[in-house]
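Chains as they are written, first to last, in the working numbering: chain D, 1 to 223; chain W, 1 to 389.
Derived from the structure by calculation, the hints contain no laboratory data. Take the hints with a grain of salt, since some may be wrong.
In silico DMTMM-like links for lysine to aspartate or glutamate, alpha-carbon gap of 20 Å or less [stated by the list, open to error]: (1) 134(D) x 75(D); (2) 57(D) x 383(W); (3) 141(D) x 281(W); (4) 296(W) x 75(D).
In this text, all values refer to a predicted model and were calculated from it rather than measured experimentally.
Each chain, letter by letter, is given below.
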Amino acid sequence: MIVETKDLTKIYRIGSSKIIAVNNVDLRVKKGTFISIFGPSGSGKTTLLNLIGLIDKPTSGKVFFNQIDTTALGDNERRKIRLFHIGFVFQTFNLLPQFTVIENIEVPMSLLDIPTDEQRKRALKLLEAVGLEKRKNHLPKQLSVGEMQRVAIARALANNPIIILADEPTGELDSKTGAEIVNLLNSLCQEKDVAIIVATHDERITKKADIVYRMHDGMLKKC
Amino acid sequence: MRITAMCLRNLRHRRLRTILCICGIALAIAFLIGIGAATSRIIAIVKEMNLFFENEIVVVARDVFVIQGFPIGGTLPEKTIDRLMEIEGIEEAVPMFFNLELKSGEIYRMFPANITIGLPLQKIPLIFPSSFLQVKGHFPVDKHKEILVGGSIADQYNLSERATLHLKGNNLTLTGIIRGPSLILSRSIIMSLKLAQEVYNYDKQISMAIVKMESNVDAKKIADEIENNINYVMALTENERNELTSPILDEIAFWNYGTNMFMLTMSAMLIATVEIMNVSESRRDFATLIAIGASKFSIFKIVIAETVLIGFLGGLLGLLFGGAVAVSLASFYTGIPILFFIQSFFELVSPYLALTTLALTLMVCCLSGVIPALFALRINVNEVLRSEY
């Protein structure tokens, strides 16, 4: 088990009102599995991904990462887990606009102080894998949305993570490009034996997933 | 992490804002350098003046304005020297004529173009320290026509030994050129007292007398004695001259520091404002970097590096502008061609002044980057990633 959550709860307080974004979620993620979390906007999918991705801290409950209780860890240890073991794919890609395609892929590797030659080699391989080797010196603004998401996927895989968290990866894409991105994500992760959790309200993704969960009002149910 | 690449590209991405900020800092630094060079030159000249008459009493006309050893305006009858020699404890009194070359209507000039010094020829080596009076050629012998000139004047007018000069209708022969570290002597024309009186039409008049005392005599007592015996003179000991001048120097230094502080504070506020805007626009990038594993310290470093880079570029540009300002100011106030100040640029803008100003700018930029950097650290990654969707 690479990730496990126990009674995971996140409550936001806005003034006197209380919003339960994630409500007692228990989730177990095995190596290489493709999990889809399906649900409408505001159901708590992004919050759950942020809790699993150690970007946010739960109000109660625990997140175990490789059997380590991450709720007891400090910010720096949580950051290191994100850097070494987790890849993120965002709905709006979040590529660094001032860096070229290849440099965007190299950013996570540079955070690990990998030698620049090695960074370049690995980045080129990943670009090849996502079919963008000819666009390596382009800036993100010179790419189509589908290409930007491919770069984001390559960046997520840069440090050989054990899990990829993708938040609405097809949300900004048309149906054809969305399907291509899902296939790419699925094939790359199978090839590299990486687990994926995709938060989506796109039913096409759920068809590709090994396990599908439905999220509603912060509660997670297996379909 | 590629911090330098990141901040360089961030700045290039917002090039108009960056250029304006750099120009703002450059102007402030140029102003600092220009004012700093001018004030440090004034202070250096004033301090140098007293080196000529160490441990001696300077006698000038009562109520004239005196900067260190030198009176500005006012004359004494030459016979004052005889009266001074009658006072007990005085070993020697050397008459000196002193004229500042200020063009008519331009008495506001800060630096006189030339200084004419007239004194008995045999007393020249006694009055000026030998370290300052390094003469290429020989001292004047003929008191009616021979003169020495400072190196700066000789260079300006392309004069060499034995050259003939026409000064106010007089044909004078140049016997030597003063080469040495003295700023004053480099712009001086030294001649016999008689010749100076003739050239400037001050018959039997002198500007001042330098009084050398016998050993073991109290300078203050002698000065009082002089003032009691000769009612139209002011006798100033070295301490009194320092006391007269130090408030002026302190005032100059105070305004110089005040201007520096003001300019640096304005620069700091400008950089901080621009950088806070940059950080606000980079919130999404920073949040992404933190999400994928960048430490908050690297975000801090990116912001500080940006401010230091702006400061460095602004500082360098400011040094260039400032040098130009200093040279132009010095040329404007002396009438000496700009080329001469460019040749001796580092005498005007000392490397110490340039380096300390640059270091101070970098320090201020670094400090002014702390507020935007802390602002960047307070980013709520969750909120930013979510709200930007």
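Outcome of the hint check:
1. 134(D) x 75(D): The given pair, whose Cα atoms are some 38 Å apart, is violated under the 20 Å limit.
2. 57(D) x 383(W): With Cα atoms ~13 Å apart, residue 57(D) and residue 383(W) stay inside 20 Å; holds.
3. 141(D) x 281(W): 16 Å, holds
4. 296(W) x 75(D): Since the Cα atoms of residue 296(W) and residue 75(D) sit roughly 10 Å apart, the hinted pair holds (cutoff 20 Å).
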